[in-house]
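Engineer: Protein sequence lines correspond, in order, to chains A and B.
Numbering-wise, the first sequence is residues 1 to 492 according to the numbering used here.
Numbering-wise, the second sequence is residues 1001 to 1492 according to the numbering used here.
Any given hint could turn out to be false.
Result set (BS3-like, lysine-lysine): computed pairs, CA atoms no more than 30 Å apart in a straight line [stated by the list, open to error]:
1. B:K1054 x A:K336
2. A:K348 x B:K1259
3. A:K326 x B:K1189
4. B:K1320 x A:K54
5. B:K1329 x A:K189
6. B:K1208 x B:K1480
7. A:K54 x B:K1022
8. A:K208 x A:K457
9. B:K1054 x A:K329
10. A:K411 x A:K455
11. B:K1326 x A:K54
12. B:K1057 x A:K336
13. A:K348 x B:K1133
14. A:K22 x B:K1054
15. A:K336 x A:K381
16. A:K259 x B:K1314
17. B:K1336 x A:K259
18. B:K1054 x A:K57
19. B:K1057 x A:K54
20. A:K320 x B:K1057
21. B:K1077 x B:K1250
Derived from the structure by calculation, the hints contain no laboratory data.
Protein chains: 2
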Amino acid sequence: MSKEITPREQDYSQWYNDLVLKGDLADYSAVRGCMVIKPYGFTLWENMRDNLDKMFKDTGHVNAYFPLFIPKSFLSKEAAHVEGFAKECAVVTHYRLMNDPNGGGVVVDPEARLEEELIVRPTSETIIWNTYKGWIQSYRDLPILVNQWANVVRWEMRTRLFLRTAEFLWQEGHTAHATQEEAVEETVKMLNVYAQFAEEFMAMPVIKGVKSESERFAGAVDTYCIEALMQDGKALQAGTSHFLGQNFAKAFEVQFLNKENQLEYVWATSWGVSTRFVGALVMAHSDDQGLILPPRIAPLQVVIVPIYKGQEQKEQIDTKVNIIMKELKSLGISVKYDDNDNARPGWKFAEYEMKGVPVRLALGARDLQNNVVEVARRDTKEKTSVSLEGIAAYVQQLLQDIQTAMFEKAKAYRDEHITNADSWDEFVKILDEKGGFVFAHWDGTPETETEIKEKTKATVRCIPIDGSGVEDGACILSGKPSKQRVLFARAY
Amino acid sequence: MSKEITPREQDYSQWYNDLVLKGDLADYSAVRGCMVIKPYGFTLWENMRDNLDKMFKDTGHVNAYFPLFIPKSFLSKEAAHVEGFAKECAVVTHYRLMNDPNGGGVVVDPEARLEEELIVRPTSETIIWNTYKGWIQSYRDLPILVNQWANVVRWEMRTRLFLRTAEFLWQEGHTAHATQEEAVEETVKMLNVYAQFAEEFMAMPVIKGVKSESERFAGAVDTYCIEALMQDGKALQAGTSHFLGQNFAKAFEVQFLNKENQLEYVWATSWGVSTRFVGALVMAHSDDQGLILPPRIAPLQVVIVPIYKGQEQKEQIDTKVNIIMKELKSLGISVKYDDNDNARPGWKFAEYEMKGVPVRLALGARDLQNNVVEVARRDTKEKTSVSLEGIAAYVQQLLQDIQTAMFEKAKAYRDEHITNADSWDEFVKILDEKGGFVFAHWDGTPETETEIKEKTKATVRCIPIDGSGVEDGACILSGKPSKQRVLFARAY
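For reference, chain A alone in the conformation it holds in the complex:
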């Protein structure tokens, strides 16, 4: 099993695939566009999910579960929604197989055709709002703050592991409110939760913004997003939070009696992040030796490798390692002792570098005599000889330092790659030569956005909501007046 990784410079796309496959995060499957998430990759996802889930619950949300299938007619009820989602989806038409009368295995039983086809959910607004209709009568039933962890299917033609797969795992929050203000507040609150999670747990700086009309979620009034920058200078939309207005309430006739005893349509939000986050994490930090994972969500934080000759040395090292392991675990640090004698230390070093384990301790007989241990950090590949006295506290601090350093490094890179452009030539040149975000004026029309996309493959990633770029100017392409710069980039 070759563990060589294609360097980023040579082929960024292949580098990414190598990391995902050789880093044991995921595998291709027998089903077109669907992947297998391997245990190491799934533990990473679990660590993301569990931390996000806690943040959702801390902000008052509860989990529930809605059906995998959506009746075909539901998709048509919200006009914009059907345009966005009815195109690429898995359609269940039959509910039984039978033995092939000609002896060719099993075939679809033509008698078992569904009266109405079922769609495997591409997102759940329709089935959920159809359900909420039965749950909401009065303002006392509001708000509903529900989240669902689920699998969804979108029949993508070009797929990439984690970044774009036919089936993916995600969470989708669906909330119902009595007022527009409260729904908008919820939309922004969850955007902030995503941004906080991305920055504090994934060490991945993000820009919070609003999507342009053409990039808006099908059925939303406003789509908020967090945008991150990958190492090849392309942007990646990492999470979205939608203010849905009363669109789904109207489509599914969900009204409530307000305090004045009048019937009103309910206000809605939805918000989601998916296993795409794993792809973003990989591309944001890793290098040509493998994954670099932030300590707060790494499946394994510390690995210890013994270096010895003979059983006597091994036993001395074992004894010391057991003490260190116990201390680390008592601090809540995940640690593995790899004393597999089928592999040499150098091979192990490369293996754990590949897998992005943040800290490696290598302990030899000489080290033991000197009461030291070699500590290697994955992010910078620095090695230091550290006293065994207080090693657990040292490692704990180091993990925090790595988390901070990874964020700072990614932020510095991101900040260097936000470039103002004030002419079309400059705009194109930055996209082609430097990459990253180009901060430029746009006249706000879908026509201009489309033309820019056709000419450069760059899209409006977002209109920042922090007020940056608010100034009078002229559209980079049309020259028409603009009141705010927006962020353009080529994107995943």
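Mind docking chain B on chain A? Use the hints.
Structural biologist: Okay, now just chain B, sitting in the frame of chain A:
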């Protein structure tokens, strides 16, 4: 919204539905046979899932995720498996919808037909063993101890909330081993994990046994199960653990080089429990006033209801309740203060009885003067006036007592309902008049089992593995020799 519950005596089946719907566990959905798991029910499932997940991890397992879809041809690869699962399943035949040229909303695009139909997984042995083929070369790659939490679909014709739904949530463990012994050991180990969980967390006594050939999982060599008894005297299979032999390894050509450098087929197990567990829990303990939930997995363990006149009394009670809440939370107890002034205390009492909250505290102004609080336990409906000094420790102990009492009560009922039968008349009489398990001799043939089922609707629930009932006897129906009694019952 009526909260009246049909009494068990009147209509057990309706009683069950009332509890699930009015106890806010689940709701019907717009999709035939699929349910919506409501937040209260989902929290209950989360508590089950999280505790089981910890037990799986403590026994060395890791989670992964495999595709929702299975190529139709995979189902045919294992002969018994296809017979068991190809009959009732959701079949995806198309991957695109289009606007109806005649203006009737969206229709399936006839051009977008899949070359090979995809089956929504009814269980994942086939897709997983097809994947394991790529992961296993040598004995060093074994064992693989993987579990998956997922949704599955079986197109059942008659569905019941939680007990039998077209889509349900479950976990499925799929392990791969180098030897038969190790695989059998794993099968039994996981059966024991299920039994321990059912008894210690769900307070539901179970019998561990092996299934007869006709009740075996399609593709298994042996199916182990845990069987529980419901209050109407019917049995319920609550979990299964399968020794799959080399059946799937042979079907998917999964071989490994053993230590002697010879190619061998890999040995397999699979094991699963599902949201059916929730249905079992409801039926095992609840009464005509509502749910009775065991404290260790109850979504909410304690509710506090204030009883007051006027704002001054309310404020005094609030102050005390805040202290109690803090103490309870510091002991890891989940607690809610329901001071909603739209509902009267009596209404709240009924509501939390319906929802099965194990302990209710009612605090009035007079109580406060006397430094006491009224403590009501849901399982026995006993009410006690308890000193507010040390109330948190009292409640903590009470929750443990309730957990134990619920198990003991269910076990006494179950034990009373295991009845030996030594003649056919006796067998039929017990089934019809007393219900529960009938412990009787059986000649071991599928023909006799089928005849018994046709005559009485009772099936062989399991052959106990604890050695009970091992003795020479004569089959209850055929009179042929038998070496062991087996447990018969009518079942869900």
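Engineer: Against this structure, judge whether each hint is valid.
Structural biologist: The hints, checked one at a time:
1. Annotation: proposed proximity of B:K1054 to A:K336 holds, straight-line Cα distance about 18 Å (limit 30 Å).
2. Taking the CA atoms of A:K348 and B:K1259, the gap is near 22 Å; set against the 30 Å cutoff, the hint holds.
3. Note on A:K326 and B:K1189: the hinted pairing holds, with a Cα-Cα distance of about 27 Å set against a maximum of 30 Å.
4. For the suggested pair B:K1320 and A:K54, the alpha carbons sit about 28 Å apart, so the restraint of at most 30 Å is met.
5. This hinted pair checks out: B:K1329 and A:K189 have alpha carbons roughly 26 Å apart, not beyond 30 Å.
6. Restraint check for B:K1208 and B:K1480: satisfied, since their Cα atoms lie roughly 26 Å apart, inside the 30 Å limit.
7. Proximity of A:K54 to B:K1022 is assessed by CA-CA distance (about 28 Å); at most 30 Å being required, the pair is judged to hold.
8. With a C-alpha separation of about 22 Å, the suggested pair A:K208 and A:K457 falls inside the 30 Å cut-off, and the hint holds.
9. Simply put, B:K1054 and A:K329 have alpha-carbon atoms about 17 Å apart, close enough for the 30 Å limit, and the pair holds.
10. Restraint check for A:K411 and A:K455: the C-alpha separation of about 29 Å stays at or below 30 Å, so the hint holds.
11. For a cut-off of 30 Å, the pair hint linking B:K1326 to A:K54 stands: about 20 Å separates their Cα positions.
12. Among the hinted pairs, B:K1057 with A:K336 is consistent with the structure: their alpha-carbon atoms are about 15 Å apart, no more than 30 Å.
13. Taken as a hint, the A:K348 and B:K1133 pair is honoured in the structure, with Cα atoms around 25 Å apart against an allowance of 30 Å.
14. A C-alpha spacing of about 28 Å is found between A:K22 and B:K1054, which places the hinted pair at or below 30 Å, so the restraint holds.
15. The suggested pairing of A:K336 with A:K381 holds, with an alpha-carbon distance near 19 Å, which does not exceed 30 Å.
16. Our distance criterion of 30 Å between C-alpha atoms is met by A:K259 and B:K1314, whose separation comes to about 24 Å.
17. Taking the CA atoms of B:K1336 and A:K259, the gap is near 26 Å; set against the 30 Å cutoff, the hint holds.
18. Our distance criterion of 30 Å between C-alpha atoms is met by B:K1054 and A:K57, whose separation comes to about 20 Å.
19. Taking the CA atoms of B:K1057 and A:K54, the gap is about 20 Å. The hint holds against a cut of 30 Å.
20. Note on A:K320 and B:K1057: the hinted pairing holds, with a Cα-Cα distance of about 26 Å set against a maximum of 30 Å.
21. Among the hinted pairs, B:K1077 with B:K1250 is consistent with the structure: their alpha-carbon atoms are about 9 Å apart, no more than 30 Å.
Consistency note: the structure conflicts with none of the earlier hints.
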